[in-house]
Amino acid sequence: MSASPAPAGFPRRRLLAGSAGLALLLAGCTSGGSGQAAQEAGNREARAQEDRLAAQVPVQEAVVAAYGAVGVADAAVGESVAALAGQAQEQLDRLRAAAPGATASSSSAPPGPPAGGDLRAWLRDQVGAAAAAHAAACVEVSGAAAALLGSLAAGLRGHVAALA
Amino acid sequence: MADDGSTGSTEDAALDDVLAAEHAAVWGYGVVGAALPPEGRGPAADGERAHRDSRDRLAELLDERDADPVPAGAGYELPFPVLSAADAAALAVVLEEGVSAAWVALLDAAADAEVRQLAVDSLGAAEERAVAWRTAAGRTPVTTALPGLPD
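In order, the protein sequence lines correspond to chains P and Z. Heads up, the first sequence is in full-length UniProt numbering, so the first residue is 1 and it goes up one at a time. Heads up, the second sequence is in full-length UniProt numbering, so the first residue is 1 and it goes up one at a time.
Hints were generated in silico from the structure; no laboratory data involved. By construction, the Cβ of each residue, glycine as well, lies at the ideal position given by its N, Cα and C atoms. Mixed in with the good hints there might be a few duds.
[Said to hold, decoys possible] Not the full set, but computed from the structure, chain Z residues with beta-carbon under 7 Å of chain P:
1) L107
2) G124
3) V131
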């Protein structure tokens, strides 16, 4: 619509640069009195934001692992959620790009789905829990990090709806 | 995020952008509902109600800040003719994706944690509705990896 719901002035480049480049903010302080103090404060904040993003990486890794576990437990169900699994991986890639200091976790895989249980219901629970965790983290950060985590949380809420 | 004293105005501007998107969504859902058969209008009515609630909350927030909430547009132009139930569902997808982009922009701009809470809750609800409308419109996949986030 011409009076479009899309925000015409949305700073796409700023958001992208921010989410992909929080680490760049950590590089080198320049000299100069109060300016230096402000920059150091900014660097500390950027580090804190990246740490908070990094803390969400295992949460998203667990989502990817859960989709994988369902595929192993039942190939047909795995096939039916293949598109969702691909999106979960895309979300993880985006999150890792924004938090390059995060390391892959060896313990992010959740317990496997219950044998003979409802795989989609189990998956819904796993994904729903991750969505809630991303949403809570979103509120605790700001700027590009908040935008990314909020979008991740919403994407996973969509997965929960699709799995219902 | 601005840290030069303009944080509040940046946040208010983003709130106003979301409000403009919500005005458009309320109007658009009227078109969506009108194009659906009477027995299928429930989801449209639910969507319209949700966007009215968001609109009113945003206007209230801006009022509290002594900012002038943007009024609804005098008219809106549809992105395509809405002549069938499938068109209606496709329009609802456009509306939900539009407000999602605005909510994400607000998350990027918001300094206030309560505003971020409102934004993330509303963004998630918009994506849930979008999933239902993509399904009704016959789209695949019915989900998006990163709702509202620029590519």
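Okay, the hints, checked on the actual structure:
1. The closest approach between the C-beta of L107(Z) and any C-beta of chain P is roughly 4 Å, which is under the 7 Å cut-off, so the hint is satisfied.
2. About 4 Å separates the beta-carbon of G124(Z) from the nearest beta-carbon of chain P, less than 7 Å, and the hint is met.
3. Here the hint on V131(Z) is kept, as its CB sits about 4 Å from the closest CB of chain P, short of 7 Å.
Of the numbered hints listed earlier, not one is contradicted by the structure.
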